[in-house]
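Undergrad: Sequence:
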Amino acid sequence: MAEEIEILKMLDESKTDIVKYILAILGGLGGFLFGYDTGIIGDAIIFAEQTLHLTSFLIGLSVASVTLGAAIGAISSGIISDYLGRKYTLIMDALIFTIFAILLALSINDFMFVVTRTILGFAIGVDSVIGPVYIAEFAPKNTRGRLLTFQQLMIVVGIFVSYWVGYALSFSGNWRLMIGLGAIPGIIIAAFRFYMPESPRFAIIKNKVNELNQALKRFGLIVDQTAIQKVRKLQEFESQFSAKDLFRKAVLPITLFAIGAALFQQFDGINVFIYYSATIFEHLGYSPTSATFTAGWVTGFGNLYPVFLAQFLLVDRIGRKLSLVISFIGMAITLLLGSWLVSLTSYIAGLSLLAATMIYLFFFEIGSGPVLWDIMPEIFPTALRGRGSSILAFFVWIGDFVVSFTFPILLYSIGISYVFLIYGIISALGILFFWFLTPETKGKSLEELSKELWYSKLRKA
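Under the UniProt record's numbering, the sequence shown has 189 at position 189, and the numbering climbs by one with no breaks.
Keep in mind the hints are simulated off the structure, nothing from the lab.
Keep in mind it's a predicted model, so treat the numbers as computed, not measured.
Honestly, I wouldn't trust all of these hints.
[Stated by the list, open to error] Calculated cross-link-like contacts (lysine-lysine; reagent style DSS-like; alpha-carbon spacing at most 25 Å):
#: 1; residue 1: 321; residue 2: 457
#: 2; residue 1: 444; residue 2: 15
#: 3; residue 1: 9; residue 2: 444
#: 4; residue 1: 9; residue 2: 217
#: 5; residue 1: 321; residue 2: 451
#: 6; residue 1: 206; residue 2: 217
#: 7; residue 1: 457; residue 2: 444
#: 8; residue 1: 244; residue 2: 457
#: 9; residue 1: 9; residue 2: 457
#: 10; residue 1: 444; residue 2: 206
#: 11; residue 1: 15; residue 2: 457
#: 12; residue 1: 9; residue 2: 208
#: 13; residue 1: 457; residue 2: 442
#: 14; residue 1: 249; residue 2: 9
#: 15; residue 1: 244; residue 2: 206
#: 16; residue 1: 217; residue 2: 15
#: 17; residue 1: 9; residue 2: 442
#: 18; residue 1: 451; residue 2: 206
#: 19; residue 1: 217; residue 2: 444
#: 20; residue 1: 9; residue 2: 451
#: 21; residue 1: 9; residue 2: 206
#: 22; residue 1: 321; residue 2: 249
#: 23; residue 1: 15; residue 2: 249
#: 24; residue 1: 321; residue 2: 442
#: 25; residue 1: 451; residue 2: 208
#: 26; residue 1: 244; residue 2: 451
#: 27; residue 1: 321; residue 2: 444
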């Protein structure tokens, strides 16, 4: 099929110029909305708890409801994007987020709070799948990991911004404004996404020649009409595969790896540090304002700087597999050590938690955080990329829901020390999982990976 994929080869070997960086940022900006919501809820819930009379059960449900909505959005994203296209799906997500961020800020009771956060989560879930898919489908193979990491970078930038918004408004306790401000970046992102071209690989699969032409021009690629007509053969080849192929015996290990990777990323406890960082510090004796300030510095900054290290020095150099293994080794050690340290006196517990959080976040953000979003669109072929990625993201959000919902209950029943111990043991198991099962995708085109991981196996089956 060398002739048919001439256009794709040009994309894979093209220069990573300013246009591709801008489009990668736009594709990943849904991560900013997720990051902002993720970070701000930890501050807002402290004050909303009093206004809406939330019990510990309702606190957990209120925080976790966005992840339940995101799971529904993620599993639906493949169907939605196959119908609307990658571009207009991403625009839709930003608009839904904008509308429901405003409605969430206007919540008058716990029911409205939970329902609006669930729908807000739906938009986040769809974007979490289609954003990386969009980026992967135009990125050159040698810098694909770097461009895909913009998704995680935008998440942590959103978290960082949210903590300081939360801190600034914590003196007044205005949780409605904390949440409602998220509508501003939402509408801006939706507006800018109208200027994105459609994904060239999606245009090929759907035989949208005009949109393919427009995308190629945006990337500065000039091809003749004969080359464009040849892609129809690739479309015919890809169209023979359907979602049921994700569960055929020959390729089932890839699908199961995706599910396992998603669950390990969440069951290492990352979103406990994001959603509940202020609550954890308050639990150790900090005042609400001091807890918010400390969370902003420790969690916000601790999330931000390692992503640059992963993006520009690690993921496209040492590869996805080694990045994940190093990440889980560091997290396991930190969590197990932290489990012992926080069981000491309250003063030592407070200091040790500060240090443990910073170290833990460093290891998460150089591997587990960004690399999962890199691998997600890489391990599935174009015809199944939307559906396959939606399965992986669905389990990310289900895992997130379980962790964020159960944490308040575990915190008050067994204590922070044993909670850290549980997450530490899971992270240790993650080392073995990623060492033995991770397929290396560094430096390979999406078509090379499709052939290696899918088509060659399906033909033999």
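Undergrad: Evaluate each hint against the coordinates.
TA: Against the structure, the hints:
Taking the CA atoms of residue 321 and residue 457, the gap is near 22 Å; set against the 25 Å cutoff, the hint holds. Pair hint residue 444 plus residue 15 holds up; C-alpha atoms about 16 Å apart against a cutoff of 25 Å. Simply put, residue 9 and residue 444 have alpha-carbon atoms about 11 Å apart, close enough for the 25 Å limit, and the pair holds. This hinted pair checks out: residue 9 and residue 217 have alpha carbons roughly 15 Å apart, not beyond 25 Å.
For the suggested pair residue 321 and residue 451, the alpha carbons sit about 19 Å apart, so the restraint of at most 25 Å is met. In summary, the hint linking residue 206 to residue 217 is supported, as the alpha carbons are separated by about 18 Å, within the 25 Å threshold. Annotation: proposed proximity of residue 457 to residue 444 holds, straight-line Cα distance about 18 Å (limit 25 Å). Taking the CA atoms of residue 244 and residue 457, the gap is near 15 Å; set against the 25 Å cutoff, the hint holds.
For the suggested pair residue 9 and residue 457, the alpha carbons sit about 23 Å apart, so the restraint of at most 25 Å is met. Among the hinted pairs, residue 444 with residue 206 is consistent with the structure: their alpha-carbon atoms are about 24 Å apart, no more than 25 Å. For the hint pairing residue 15 with residue 457, the CA-to-CA distance comes to about 32 Å; that exceeds 25 Å, so the pair is violated. Distance restraint check for residue 9 and residue 208: the Cα-Cα separation of roughly 19 Å lies within the 25 Å cut-off, and the hinted pair is therefore satisfied.
Taking the CA atoms of residue 457 and residue 442, the gap is near 20 Å; set against the 25 Å cutoff, the hint holds. At most 25 Å may separate the alpha-carbon atoms for a hinted pair to count; residue 249 and residue 9 exceed this at roughly 30 Å. Under the criterion of a C-alpha separation no larger than 25 Å, the hint pairing residue 244 with residue 206 is consistent with the structure, at around 19 Å. At roughly 14 Å between alpha-carbon atoms, residue 217 and residue 15 fall within 25 Å of each other, so this suggested pair holds.
For the suggested pair residue 9 and residue 442, the alpha carbons sit about 16 Å apart, so the restraint of at most 25 Å is met. For the given pair, residue 451 sits about 20 Å from residue 206 by alpha-carbon distance, which is consistent with the 25 Å threshold. Between residue 217 and residue 444 the alpha-carbon distance is near 24 Å, which keeps this suggested pair within the 25 Å criterion. Between the alpha carbons of residue 9 and residue 451 the distance comes to roughly 14 Å, so the proposed pair stays at or under 25 Å and holds.
Between residue 9 and residue 206 the alpha-carbon distance is near 19 Å, which keeps this suggested pair within the 25 Å criterion. Pair hint residue 321 plus residue 249 holds up; C-alpha atoms about 24 Å apart against a cutoff of 25 Å. Restraint check: the Cα-Cα separation between residue 15 and residue 249 comes to about 38 Å, which exceeds 25 Å; the hinted pair is violated. Between residue 321 and residue 442, the direct Cα distance comes to roughly 9 Å. Compliance with the 25 Å bound is thereby established for this hinted pair.
The hinted pair formed by residue 451 and residue 208 meets the criterion: a straight-line CA distance of about 23 Å does not exceed 25 Å. Under the criterion of a C-alpha separation no larger than 25 Å, the hint pairing residue 244 with residue 451 is consistent with the structure, at around 18 Å. Between residue 321 and residue 444 the CA atoms are separated by roughly 14 Å; this keeps the pair inside 25 Å, and the hint holds.
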